[in-house]
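Peer 1: Listed below are the residues making up each chain.
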Amino acid sequence: MDIAELTNRPISVGDVARRFVPEDCGATVTLDGYARRFTRNLANGEIRQTQYLVYEAYEQMALKEMKKMIARAKTAFRISAVAVIHRLGRVEIGETSVVVSVAAPHRHEAFAACSWLIGELKRTVPIWKKEVYSDGEAWAEPSSSLGTQP
Amino acid sequence: MDIAELTNRPISVGDVARRFVPEDCGATVTLDGYARRFTRNLANGEIRQTQYLVYEAYEQMALKEMKKMIARAKTAFRISAVAVIHRLGRVEIGETSVVVSVAAPHRHEAFAACSWLIGELKRTVPIWKKEVYSDGEAWAEPSSSLGTQP
Amino acid sequence: MNLKILLFGAAAEAAKNRDLSYSVGQDITVGELIEILRRDYPPLDSLQLLSAVNQEYAEAERRLNDGDEVALFTPVSGG
Amino acid sequence: MNLKILLFGAAAEAAKNRDLSYSVGQDITVGELIEILRRDYPPLDSLQLLSAVNQEYAEAERRLNDGDEVALFTPVSGG
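Chains A, B, C and D supply the protein sequences, listed in that same order. Reminder that position 126 of the first sequence reads as 126 in the numbering used here, one-by-one numbering, no gaps. Reminder that position 63 of the second sequence reads as 63 in the numbering used here, one-by-one numbering, no gaps. Reminder that position 38 of the third sequence reads as 38 in the numbering used here, one-by-one numbering, no gaps. Reminder that position 40 of the fourth sequence reads as 40 in the numbering used here, one-by-one numbering, no gaps.
The set of hints was computed from the structure by calculation and includes no laboratory data. Predicted model only: the values in this text are computed from it and were never measured. Positions of the beta carbon are idealized from the N, C-alpha and C atoms, including for glycine. Warning: the hint list may mix true and false statements.
Where chain B lies over chain A, by a calculated footprint (3+ residues, C-beta under 8 Å) [what the hints assert, rightly or not]:
id, region
1, 6–20
2, 26–34
3, 110–123
No more than 30 Å apart at the CA atoms, straight line, and that leaves these computed lysine-lysine pairs for BS3-like [as the list claims (entries may be wrong)]:
id, chain 1, residue 1, chain 2, residue 2
4, D, K16, A, K130
5, B, K130, C, K16
6, A, K64, D, K16
7, C, K4, B, K74
8, A, K64, D, K4
9, B, K64, C, K4
10, A, K68, A, K130
11, A, K68, D, K4
12, D, K16, D, K4
13, B, K74, C, K16
14, B, K130, B, K68
15, A, K67, A, K130
16, B, K67, C, K4
17, A, K130, A, K64
18, B, K64, B, K74
19, C, K4, C, K16
20, A, K67, D, K4
21, A, K64, A, K74
22, B, K130, B, K64
23, B, K130, B, K67
24, B, K68, C, K4
25, D, K4, A, K130
Working from the sequences, and respecting the hints, build out all of it.
Peer 2: Here's what the structure looks like:
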């Protein structure tokens with residue numbers, strides 16, 4: 001029932017969120033992460049404009065890490081079904097780069113597991129984001145994650 | 001940009017989640033609450049089977065309360081757009097009864113606001129749920145909310 | 001004075017009514033109106049009733065005015 | 001022994017390579033391999049490099065075996 005997937009094609013958030021509606025569940029919490037056009041630098045207040053993103057992955061390892069974190073989430077939280085799908089390649093502004101969707105009997109566990117899973121994904125899954133601006137490009141720094149996280 | 005809505009027709013979670021993708025945002029968190037077929041009674045472990053739900057609202061007041069809680073959320077959290085849509089009338093098992101969707105620059109605020117909003121909705125918005133079983137029916141007790149919440 | 005009374009959910013089922021019009025004396029409070037309704041519709045007696053006046057939550061001490069829309073209902077259970 | 005080396009993201013751009021085959025002596029660790037690569041590809045020197053061996057995260061002290069797939073990359077930034 002769980003999904004860990006990498007794809008080069010656009011992701012439909014609604015399809016992912018509704019892929020599993022287990023009969024013992026009452027809530028699905030879905031995080032839709034997408035490319036932001038305007039990002040405020042929290043240090044100096046300047047606003048940077050992104051043109052598009054490019055994601056690259058160590059695909060086999062990324063899928064292994066995604067499956068591991070899903071297994072850990074299902075042990076730690078009372079949840080029934082998890083889907084984690086990450087886009088690779090060029091991603092336009094507003095397009096979904098990552099979806100994490102968790103179905104659970106009760107909403108509190110769905111919120112907690114969904115939030116934990118996206119944090120784990122950003123911490124452990126070997127995927128890299130390049131941000132392309134009008135005047136250059138840069139690989140995202142995870143240390144500035146407050147500015148670049150979905 | 002915000003939506004507070006009551007509807008007698010099926011709700012498309014994906015359409016709601018993707019209705020607004022503001023250019024200063026990077027994350028949308030969406031709660032999809034739906035009718036659960038099997039509910040475990042936490043006190044005695046028995047499993048109760050629901051056939052369908054019927055929702056009724058004090059519609060004008062419900063919309064006012066929904067708008068108030070959205071306004072409060074936008075003051076309390078750094079978020080950009082909120083949609084709250086609740087289904088009325090008969091709702092089949094697995095069909096969405098409520099969607100709360102929050103778009104924000106960063107995911108942590110989207111999670112926090114979405115979780116707060118569904119709690120407020122269940123606490124303040126004048127909507128009532130009747131659960132229909134194979135052998136009877138009952139208006140949901142908010143005091144047993146751990147067993148009946150989405 | 002005249003009041004428009006709305007009942008919802010379990011309260012509407014108990015009273016077998018969704019809309020009532022009541023004529024009452026001046027200076028009545030929401031709590032006093034609820035007592036009148038519990039007397040007129042005894043099945044309401046077993047229910048915990050919340051109230052709203054003109055679509056805003058109201059306490060039992062709230063004084064009513066002519067033409068007010070008073071809603072009575074059990075604790076909400078949406079979601 | 002022979003090692004298959006994979007580079008990703010900023011590390012691949014710095015080394016202008018994504019796949020490398022290295023023949024090295026016995027008893028080499030991941031940390032020692034990284035030192036060799038930093039010497040052969042100086043632009044890697046400015047990068048913080050993490051490593052995985054056969055698709056599992058590995059520490060610098062990890063000893064390598066013939067045929068291992070060693071991946072080197074900067075801290076991950078997906079999401």
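Peer 1: Would you mind marking each hint as holding or not holding in the structure?
Peer 2: Here is how each hint holds up against the structure:
no.	hint	result
1	6–20	holds (count 6)
2	26–34	holds (count 9)
3	110–123	holds (count 5)
4	D:K16 <-> A:K130	16 Å, holds
5	B:K130 <-> C:K16	16 Å, holds
6	A:K64 <-> D:K16	26 Å, holds
7	C:K4 <-> B:K74	34 Å, violated
8	A:K64 <-> D:K4	19 Å, holds
9	B:K64 <-> C:K4	19 Å, holds
10	A:K68 <-> A:K130	25 Å, holds
11	A:K68 <-> D:K4	24 Å, holds
12	D:K16 <-> D:K4	16 Å, holds
13	B:K74 <-> C:K16	40 Å, violated
14	B:K130 <-> B:K68	25 Å, holds
15	A:K67 <-> A:K130	24 Å, holds
16	B:K67 <-> C:K4	24 Å, holds
17	A:K130 <-> A:K64	22 Å, holds
18	B:K64 <-> B:K74	16 Å, holds
19	C:K4 <-> C:K16	16 Å, holds
20	A:K67 <-> D:K4	24 Å, holds
21	A:K64 <-> A:K74	16 Å, holds
22	B:K130 <-> B:K64	22 Å, holds
23	B:K130 <-> B:K67	24 Å, holds
24	B:K68 <-> C:K4	24 Å, holds
25	D:K4 <-> A:K130	25 Å, holds
The structure shown violates the earlier hints numbered 7, 13.
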